[in-house]
Amino acid sequence: MKDPSKDWTKALVFLQIWDISLYIVAATVIYVFAGPDVTSPALGSAGPIVKKVAWGIAIPTIIIAGIIYGHVAAKYIFVRCFRGTKHMNRRTKSSTIAWTVITLTIWVIAWIIAESIPNFNDLLGLISALFASHFTYTLSGVFGLFLNHGHWFDSPKQISLFCINWIVIAIGATVCVAGLYSSGTAIAADGGNGSWTCASNAQ
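Under full-length UniProt numbering, read the sequence shown as residues 1 to 203, first letter to last.
Heads up, a few of these hints could be off.
Using 30 angstroms as the maximum straight-line C-alpha spacing, the simulated DSBU-like pairs for lysine-lysine come out as follows [as the list claims (entries may be wrong)]:
| id | residue 1 | residue 2 |
| --- | --- | --- |
| 1 | K157 | K2 |
| 2 | K157 | K10 |
| 3 | K75 | K86 |
| 4 | K52 | K75 |
| 5 | K157 | K6 |
Here are the computed distance ranges between Cβ atoms for each label pair [stated by the list, open to error]:
| id | residue 1 | residue 2 | range |
| --- | --- | --- | --- |
| 6 | I112 | D3 | 43 to 53 angstroms |
| 7 | V29 | T85 | 51 to 61 angstroms |
| 8 | W107 | G184 | 22 to 32 angstroms |
| 9 | D3 | G56 | 38 to 48 angstroms |
| 10 | F14 | T85 | 40 to 50 angstroms |
| 11 | C163 | G184 | 23 to 33 angstroms |
| 12 | T92 | G184 | 42 to 52 angstroms |
No lab work stands behind these hints: they were computed from the structure.
Don't be surprised by glycine CBs; every beta carbon is placed ideally from N, CA and C.
Let's have the full structure, built from the sequences with the hints guiding it.
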């Protein structure tokens with residue numbers, strides 16, 4: 001952006017228009033062709049050949065995305081542990097062992113979670129309740145409070161923003177708690193069907 005103070009709003013509006021449009025189009029097309037009994041993930045509703053082709057295209061991107069998330073998490077932990085030491089920027093025995101242990105631990109935890117909650121819907125609901133609620137609502141309110149710190153009650157507008165930010169934070173917390181309860185209930189209702197097996201997790 002050449003002038004962030006002017007272009008930021010335009011960029012945000014442009015992003016939201018395209019984002020919402022893509023979600024609506026995708027949901028509409030899937031519902032038209034798959035109906036109300038669409039599986040989760042939706043690729044499971046496609047025909048045998050289309051399903052194989054779609055998964056063939058999707059799997060590499062899913063793997064790459066997973067590797068990126070795992071690498072970022074491992075790097076964050078590594079930097080927190082070794083910032084300011086010689087192990088941070090040099091390949092030492094300690095840094096190599098630490099990196100290996102951190103990476104393996106992250107992937108083992110991910111594998112245990114995936115095997116314990118094999119139902120895609122349940123896992124997605126749990127992840128969304130734990131993280132999406134905060135990234136979408138809670139952090140927005142926290143950042144709003146942080147940006148206006150020290151000026152919360154300077155004017156009626158600032159007081160309104162202060163109240164709105166707290167309402168947004170409360171919404172995020174409510175969505176998180178309600179989502180966790182709903183996900184926990186769904187996981188319990190499924191009774192662990194397919195856990196630690198090679199059964200299909202499409203529903």
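Return holds or violated for the Cβ distance of I112 and D3 against the range 43 to 53 angstroms.
-> holds (48 angstroms)
Regarding F14 and T85, is the given constraint of 40 to 50 angstroms on their beta-carbon distance met?
-> holds (44 angstroms)
Hey, K75 versus K86, does the alpha-carbon distance stay inside 30 angstroms?
-> Holds: K75 and K86 sit about 16 angstroms apart, inside 30 angstroms.
Mind checking the alpha carbons of K157 and K2 for me, to see if they're no more than 30 angstroms apart?
-> With a Cα-Cα distance of about 29 angstroms, the restraint between K157 and K2 holds, given a limit of 30 angstroms.
Given the proposed pairing of K52 with K75, does the C-alpha separation stay at or below 30 angstroms?
-> Violated. K52 to K75 sits at ~34 angstroms, over the 30 angstroms cutoff.
Should the hint that V29 and T85 are 51 to 61 angstroms apart at their CB atoms be regarded as holding?
-> holds (53 angstroms)
Does the Cβ pair W107, G184 satisfy 22 to 32 angstroms?
-> With a Cβ separation near 25 angstroms, W107 and G184 satisfy 22 to 32 angstroms, so the hint holds.
Indicate whether the distance between the beta carbons of C163 and G184 respects the range 23 to 33 angstroms.
-> holds (32 angstroms)
Could one say that the CB atoms of T92 and G184 fall in the range 42 to 52 angstroms?
-> holds (43 angstroms)
Regarding the pair K157 and K6, is the alpha-carbon distance no greater than 30 angstroms?
-> At roughly 21 angstroms apart (the allowed maximum being 30 angstroms), K6 and K157 satisfy the hint.
Mind checking the hinted window 38 to 48 angstroms against the Cβ distance between D3 and G56?
-> Holds, at about 44 angstroms.
Given hint K10 paired with K157 - CA-CA distance at most 30 angstroms | Satisfied, since the Cα-Cα distance of roughly 23 angstroms is no more than 30 angstroms.
In summary, the structure is inconsistent with hint 4 from the numbered list given earlier, while agreeing with all the others.
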